[in-house]
Structures are given as C-alpha cells and as structure tokens.
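Whole structure, please, built from the sequences with the hints as guidance.
From first to last, the protein sequence lines are chains D and B.
Residues in the first sequence are numbered from 5 upward in steps of one, following my numbering.
Residues in the second sequence are numbered from 7 upward in steps of one, following my numbering.
Take these hints with a grain of salt, some might be off.
Here are the simulated DSSO-like cross-link-like pairs (lysine-lysine), alpha carbons at most 27 Å apart as the crow flies [to be verified]:
hint, chain 1, residue 1, chain 2, residue 2
1, D, K166, D, K156
2, B, K38, B, K70
3, B, K253, D, K157
4, D, K41, B, K196
5, B, K38, B, K76
6, B, K154, D, K41
7, D, K157, B, K340
8, D, K156, B, K189
9, B, K38, B, K53
10, B, K281, B, K298
11, D, K166, B, K333
12, D, K30, B, K154
13, D, K166, D, K176
14, B, K148, D, K30
15, D, K176, D, K156
16, D, K156, B, K340
17, B, K254, D, K157
18, B, K253, D, K166
19, B, K148, B, K24
20, B, K24, D, K30
21, D, K157, B, K24
22, B, K298, B, K340
23, B, K253, B, K298
24, D, K41, D, K30
25, D, K166, B, K254
26, B, K24, D, K156
27, D, K41, B, K189
28, D, K30, B, K189
Sample of chain B residues at the chain D side, in silico, Cβ under 7 Å [what the hints assert, rightly or not]:
hint, residue
29, G93
30, R98
31, Y166
32, G172
33, E187
34, G188
35, F206
36, P255
37, S291
38, R337
39, F341
Keep in mind the hints are simulated off the structure, nothing from the lab.
Given the structure is predicted, the values throughout are model-derived calculations rather than measurements.
We put the beta carbon where it would ideally sit given N, CA and C, even for glycine.
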Amino acid sequence: MAAHEMDHDTQSPHEDLSFSSATQAKITELLTRYPRKQGALIPTLFLAQDEFGWLKPGTMELVAHTLELPVTTVLATAMFYTMLYKTPHGRFHIQICTNVSCFLLGADDLVAAAREVLGIAPGETSADGLFTLEQVQCLCACERAPTLQINKKDYFNVTPTKMREILADMQKEGARLGPSVGWPGHAHVGQSHGGHSHA
Amino acid sequence: MPEQRILLRRHLGVDFTKLDNYLKHGGFQMWKRVMELGPDGVIAEVKTSGLRGRGGAGFPTGVKWGFLPKDGRTRYLVVNADEGEPGTFKDRYFLEEDPFRQLEGILYSAYAIGAHVCYIYIRGEYWNSKAVTDDAIQQLYKAGWLGKNIQGSGFDLDVYVHSGAGAYICGEETALIESIEGKPGMPRLKPPFPANFGVFGMPTIVNNTETLAAVPVILEMGPEQWSALGSPRNGGTKLMGVSGHVKKPGLFEVPMGTPMREIIYELGGGVLDDKEILAVIPGGSSCPFLTKDEIDVPMDFDALKGVGSMLGTACITVIAEGTDLIKVMCRVAKFYQHESCGQCTPCRQGTGWIHAICQKLDSGAAGPEAIDLLIDACNQIDGNTICAHGEAAAWPIRSICKKFRPQLEAAIRARTAA
Ligand SMILES: Cc1cc2nc3c(=O)[nH]c(=O)nc-3n(C[C@H](O)[C@H](O)[C@H](O)COP(=O)(O)O)c2cc1C
Ligand code: SF4
Ligand code: FES
Numbered sequence: 005m006a007a008h009e010m011d012h013d014t015q016s017p018h019e020d021l022s023f024s025s026a027t028q029a030k031i032t033e034l035l036t037r038y039p040r041k042q043g044a045l046i047p048t049l050f051l052a053q054d055e056f057g058w059l060k061p062g063t064m065e066l067v068a069h070t071l072e073l074p075v076t077t078v079l080a081t082a083m084f085y086t087m088l089y090k091t092p093h094g095r096f097h098i099q100i101c102t103n104v105s106c107f108l109l110g111a112d113d114l115v116a117a118a119r120e121v122l123g124i125a126p127g128e129t130s131a132d133g134l135f136t137l138e139q140v141q142c143l144c145a146c147e148r149a150p151t152l153q154i155n156k157k158d159y160f161n162v163t164p165t166k167m168r169e170i171l172a173d174m175q176k177e178g179a180r181l182g183p184s185v186g187w188p189g190h191a192h193v194g195q196s197h198g199g200h201s202h203a
Numbered sequence: 007m008p009e010q011r012i013l014l015r016r017h018l019g020v021d022f023t024k025l026d027n028y029l030k031h032g033g034f035q036m037w038k039r040v041m042e043l044g045p046d047g048v049i050a051e052v053k054t055s056g057l058r059g060r061g062g063a064g065f066p067t068g069v070k071w072g073f074l075p076k077d078g079r080t081r082y083l084v085v086n087a088d089e090g091e092p093g094t095f096k097d098r099y100f101l102e103e104d105p106f107r108q109l110e111g112i113l114y115s116a117y118a119i120g121a122h123v124c125y126i127y128i129r130g131e132y133w134n135s136k137a138v139t140d141d142a143i144q145q146l147y148k149a150g151w152l153g154k155n156i157q158g159s160g161f162d163l164d165v166y167v168h169s170g171a172g173a174y175i176c177g178e179e180t181a182l183i184e185s186i187e188g189k190p191g192m193p194r195l196k197p198p199f200p201a202n203f204g205v206f207g208m209p210t211i212v213n214n215t216e217t218l219a220a221v222p223v224i225l226e227m228g229p230e231q232w233s234a235l236g237s238p239r240n241g242g243t244k245l246m247g248v249s250g251h252v253k254k255p256g257l258f259e260v261p262m263g264t265p266m267r268e269i270i271y272e273l274g275g276g277v278l279d280d281k282e283i284l285a286v287i288p289g290g291s292s293c294p295f296l297t298k299d300e301i302d303v304p305m306d307f308d309a310l311k312g313v314g315s316m317l318g319t320a321c322i323t324v325i326a327e328g329t330d331l332i333k334v335m336c337r338v339a340k341f342y343q344h345e346s347c348g349q350c351t352p353c354r355q356g357t358g359w360i361h362a363i364c365q366k367l368d369s370g371a372a373g374p375e376a377i378d379l380l381i382d383a384c385n386q387i388d389g390n391t392i393c394a395h396g397e398a399a400a401w402p403i404r405s406i407c408k409k410f411r412p413q414l415e416a417a418i419r420a421r422t423a424a
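Pasting the structure below:
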C-alpha cells in the first residue's frame with residue numbers, strides 16, 4: 005500500500021488511542037537505548053502492532069506523537085518493512101517458506117494443502133479473520149526443510165499431513181478465540197479496511 | 007574428513023543458554039588475557055589470525071577494525087545477525103543455542119575497538135533467537151559481565167538487541183545501519199564507509215555473528231594455531247551446512263578449505279535416492295551455481311572465487327538431477343526482485359525483468375532465445391548499482407544460463423511442445 009492511500013482510510017485521530025502503561029514503560033526504556041528518538045521507531049512500531057493488531061493510520065499517528073517524529077517519517081519506515089502490518093491480519097499468520105531448499109523438498113504441496121483446508125490463496129485473509137496465508141522467503145532453517153512460521157513459532161520438516169493437523173488444531177483454537185485483535189469490527193479498534201479479506 | 011568442532015558444540019548436549027554452563031565450559035576465561043593485551047594487543051591478535059568476515063565477503067576483520075579514525079568520536083559495534091541469505095542457517099545456531107559465544111566475542115571486540123554500545127541486529131523472523139539472546143544479555147548484566155565497570159575493569163558496555171522487520175536488504179551493512187536509525191533499509195553510497203560514518207553518523211564496525219563468535223576461540227588457541235587449521239589465507243574453522251537434495255542435511259564445523267565433495271557426500275550423506283548432482287549453490291543463492299564437475303573445490307574464499315563463484319555463507323544447497331531448473335530460477339529471481347530496495351534503476355527494473363522472463367519460460371510463453379535475453383539483463387545490472395544486491399540477483403541467474411543451457415533448452419522444449 006502506498007503512503008497516499010492511507011488518506012482514504014477512516015481517520016482515527018491519535019487522541020482516540022493510547023498505549024497501555026506497560027507498553028508506555030517499554031517505550032520509555034527503549035528511548036534510553038538510542039542517541040536519537042528515531043532509533044526507537046521500529047521497536048515501537050512492533051509494540052504498537054502487538055497492542056493494536058496492525059498499524060492503522062491512527063496508530064501511526066500515536067507512534068509519531070509518542071516519539072515526537074513527523075507522521076511521514078513513521079509512515080515511510082512502516083511502509084518499507086513487511087513485518088509491520090499495514091492491513092489487518094488473521095489470528096493465525098501462516099507463512100510457508102517456498103524458497104529453493106524448501107521448494108526442492110515439497111513446499112508447494114504444503115501451500116496446496118493450506119489452500120485447500122483454508123479456502124484462501126497466498127496473500128489472502130479468511131473473511132472470519134482467523135487465517136492469513138502467505139508464501140515467505142527463506143526462514144533460514146533449510147536443513148530442516150520444508151519450514152513454516154505461524155505467528156512467532158517455527159515448524160520444521162513439515163509434511164502435508166502434518167500441515168493439515170496443525171491447521172485443524174488452529175481452526176479449533178480459532179473458534180474459541182475469535183479473530184485477531186484489530187480485526188475490523190472487533191473491540192475498540194474501529195471499522196474500515198475489510199479490504200483484503202476474501203471468502 | 008572428520009568435523010573439527012570448536013564453535014559448534016551441540017554434541018556435548020549441554021544447555022549453553024545458561025550462563026553457569028557456559029562458564030563451566032571455559033566461557034569468558036580470556037577476559038584476563040584481553041585486559042593484559044589491551045585494545046591494540048587484541049586487534050593485533052585478530053590481525054595475525056587472518057580471520058576473514060563470516061558474513062559472506064571475507065574481508066579481514068583485524069584490518070577493518072584498523073580503519074576506525076582516531077578522532078575521539080563515539081564508536082559503535084554493530085552485529086549483523088540478519089541472516090537471510092536463502093540457503094543459510096548458521097548464525098541461528100549461536101543466537102538460539104550458544105548465545106554467550108557471540109556475546110563473549112562482542113565484549114572482547116568492543117573493548118578492542120573502544121565501543122561502549124553494541125546493537126545486535128537480529129532478523130525479525132528469528133523470534134526465538136531474539137528471546138534467547140535477550141535473555142542471555144540479561145544474565146550477563148546480572149553477573150557483571152555487561153553494564154558499568156565490567157568485572158571491576160573500568161570498561162563499560164551496553165548491548166541491545168535490535169529487531170529487523172522482514173527486509174533481506176537490511177543484511178547489507180549500510181542498510182542495516184539505516185534500519186537501526188529507524189529508517190527504511192536503503193543501502194548508502196560508499197564511501198564514506200561505516201568505519202568512518204556509521205550508525206548515527208559515528209564510526210561503526212559491522213561484523214557478522216560468526217565472525218565475532220570466533221574471536222574468543224582465536225585468543226584461546228593462539229592466532230597462529232587457529233589460522234593453521236584452515237587453508238592458506240583462509241584461517242580457522244567455519245560453520246558449513248548442506249541442505250536440499252541430500253540424505254543428512256545439517257550444520258557442521260570443518261576447517262576452511264575442506265573439499266565441497268566431502269561435505270556433500272560424507273557429512274551430508276550424499277544425494278537423496280543416490281541420484282547424480284545437477285547443480286550446487288555453494289553458500290546461499292547469491293552465489294553463482296556450480297556443476298557436478300566443480301564440486302572438488304575447497305570450501306574457502308579464494309578457491310570458490312577461482313571457480314567463478316563465492317564461498318558466501320558456506321551453507322551449500324544441493325540440487326539433484328531431474329530437477330526443473332526453470333522453476334529453481336523462478337524462485338531465485340522472485341526473491342531478489344521482492345527484496346530489492348528499489349533505489350537503483352538497474353536493480354529495481356532489472357530484477358523485475360529477470361523474474362518476468364523466468365516466469366515466461368516457466369509458462370512456456372518464451373523460447374530458448376529468452377536465455378540470451380536473461381544473460382543480457384544480468385549484464386546490465388552487474389556493476390551498475392549502489393550495493394551488491396544487484397550482483398546477487400544477476401550472477402546466479404547468469405551462471406545457470408551459461409552453465410546449464412542444454413538442460414534449460416530441454417526444459418523449454420518440453421513446455422513449448424506440450
Ligand atoms: C544484499 C546483501 C545482504 C547481506 N546480508 C548479510 C547477512 O544477512 N548477514 C551478514 O552478516 N552479512 C550480510 N551481508 C554482508 C554485509 O554487508 C557485511 O559485509 C558484513 O556484515 C560484514 O561482516 P563481516 O566482515 O564480519 O563478514 C550482506 C550483503 C549484501 C550486499
Ligand atoms: S542494488 Fe538494489 S538493493 Fe542495492 S541499493 Fe540498489 S536498488 Fe537497492
Ligand atoms: S529455503 Fe525454506 S528455510 Fe531456507
């Protein structure tokens with residue numbers, strides 16, 4: 005998403021949002037680590053993402069305000085990095101490595117299995133906000149290929165059967181937990197951005 | 007060829023994420039010696055060892071340290087733990103399983119170069135690495151091995167983990183510096199080099215995780231003895247791996263200069279289903295591919311350069327006969343297109359063309375003449391970009407086009423005939 009597209013989004017002025025006191029304390033500590041406030045920007049964006057689910061414009065404004073940086077500076081950095089989410093993601097972010105070593109050992113079969121179970125293609129999020137499926141670049145555990153990462157956890161030597169088991173467990177877990185924090189219509193995080201969901 | 011395990015200590019079955027265990031196995035014993043040697047003495051030892059950077063380029067570490075200007079400005083040590091080169095899985099070992107080895111190296115190196123702050127830039131996807139390394143850092147602060155007045159020496163050092171956020175290009179040292187500063191990871195024009203103008207504009211040394219992990223070992227063994235383990239001008243041992251179509255993929259430690267064949271067939275158990283090798287990538291997908299006739303090459307910086315490739319990260323990918331090289335090219339090309347930072351036209355546009363041509367070949371929409379088109383696109387990137395990402399994108403594709411033309415042509419015919 006290009007920076008200018010953000011303008012079309014529902015405006016949520018930063019006054020609506022604030023960090024929890026625990027996050028605020030972490031940001032204060034982060035600021036001691038760098039001689040310039042901008043050094044703390046990427047770590048702070050990660051904290052914001054943990055708290056609000058993804059980086060909607062209001063969240064970027066809050067980060068800019070907190071670090072006393074121009075909003076454009078925050079946007080430019082956030083836009084560059086794929087792990088900083090500019091759209092809502094599912095509760096479970098399934099990232100399958102399809103780079104060379106994993107490809108050689110059958111990664112495409114894992115993608116096919118995931119597509120079939122979840123009914124979504126790579127790059128899409130299920131309409132219920134439970135799953136985002138993605139093909140990712142080498143996770144650098146090629147000696148245990150094929151690999152995948154779900155949220156912050158790695159899975160190694162995955163077979164299509166194992167893939168189906170993992171996803172079945174997550175479907176159960178997802179039914180209990182509901183969509184991710186920040187999913188449109190969820191809790192306090194406002195609407196907008198049904199954008200990239202797909203049934 | 008047996009392994010020579012000095013850095014890689016999995017076989018001991020010890021939990022090296024606990025400081026107590028690390029200390030029991032000889033950890034931090036060189037601190038006294040480092041104090042006696044003084045900063046210049048430590049740099050001299052590293053120079054004598056001939057240690058060459060383990061991040062891929064193989065630049066002599068002691069020489070790099072010597073480039074720091076003596077002008078009294080604040081100096082930084084930055085660790086490149088952004089491991090992202092496709093095919094590679096070596097720094098992960100230190101970060102997750104033996105985090106104090108790298109941290110001990112950081113302490114001695116920071117002391118040697120006069121840095122009081124060190125940032126360890128860890129790849130964003132390495133959640134476990136970040137957690138383990140962070141925990142190790144906290145253990146060191148508690149035990150007085152980091153912070154103010156370390157072990158009563160008067161030397162202060164703070165170490166922080168800085169997470170990447172999913173951009174391969176941030177492994178390039180100046181992009182990494184930009185990223186620590188909170189900016190998009192766009193490589194800088196060099197000169198000025200980081201040693202003079204690095205993070206926050208200050209003199210900075212950027213070293214790979216494995217490079218720094220080797221420093222305590224060099225001091226323990228003595229630089230000459232350590233150096234003698236490897237081949238001439240390529241001192242020491244090195245973590246090397248093998249993945250892809252092999253029976254026993256894994257990470258090993260061997261002397262520099264060990265023949266590639268031994269790593270593939272002895273340590274890696276040979277090719278799956280006892281097939282023939284089609285192609286080998288020596289050390290990550292930015293290295294030009296080799297044919298099966300080239301695998302007697304010794305695994306060191308100079309020998310691989312001699313056969314027109316690179317040692318890179320020394321993590322080998324084996325591709326067996328019967329594999330469709332057009333599909334392999336597509337994966338490689340897609341990666342470098344996706345990870346281009348976009349600031350140089352030849353790289354931004356060229357990686358896009360290369361990927362598009364590869365896809366056309368894959369779908370049967372292009373004939374054999376596209377091979378020459380690919381070579382031409384690669385030639386136009388080569389040497390015309392700000393950073394080496396351009397070459398990383400061009401060289402492997404060009405090597406496939408030149409060395410594997412008959413296989414490519416057969417794969418094209420199979421598609422266009424169908
Ligand atoms: C596109 C690109 C990606 C790189 N990725 C890494 C990396 O992930 N890890 C690394 O240590 N060096 C990487 N490098 C090399 C660094 O720029 C730099 O040479 C290295 O960190 C220096 O450390 P060393 O001298 O200890 O090897 C990369 C270089 C380029 C051009
Ligand atoms: S060569 Fe590619 S990655 Fe490197 S600076 Fe230029 S556009 Fe960016
Ligand atoms: S290619 Fe998948 S982990 Fe490296």
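Would you pick out the hints that fail for this structure and give their numbers low to high?
-> As far as the earlier hints go, not one is violated by this structure.
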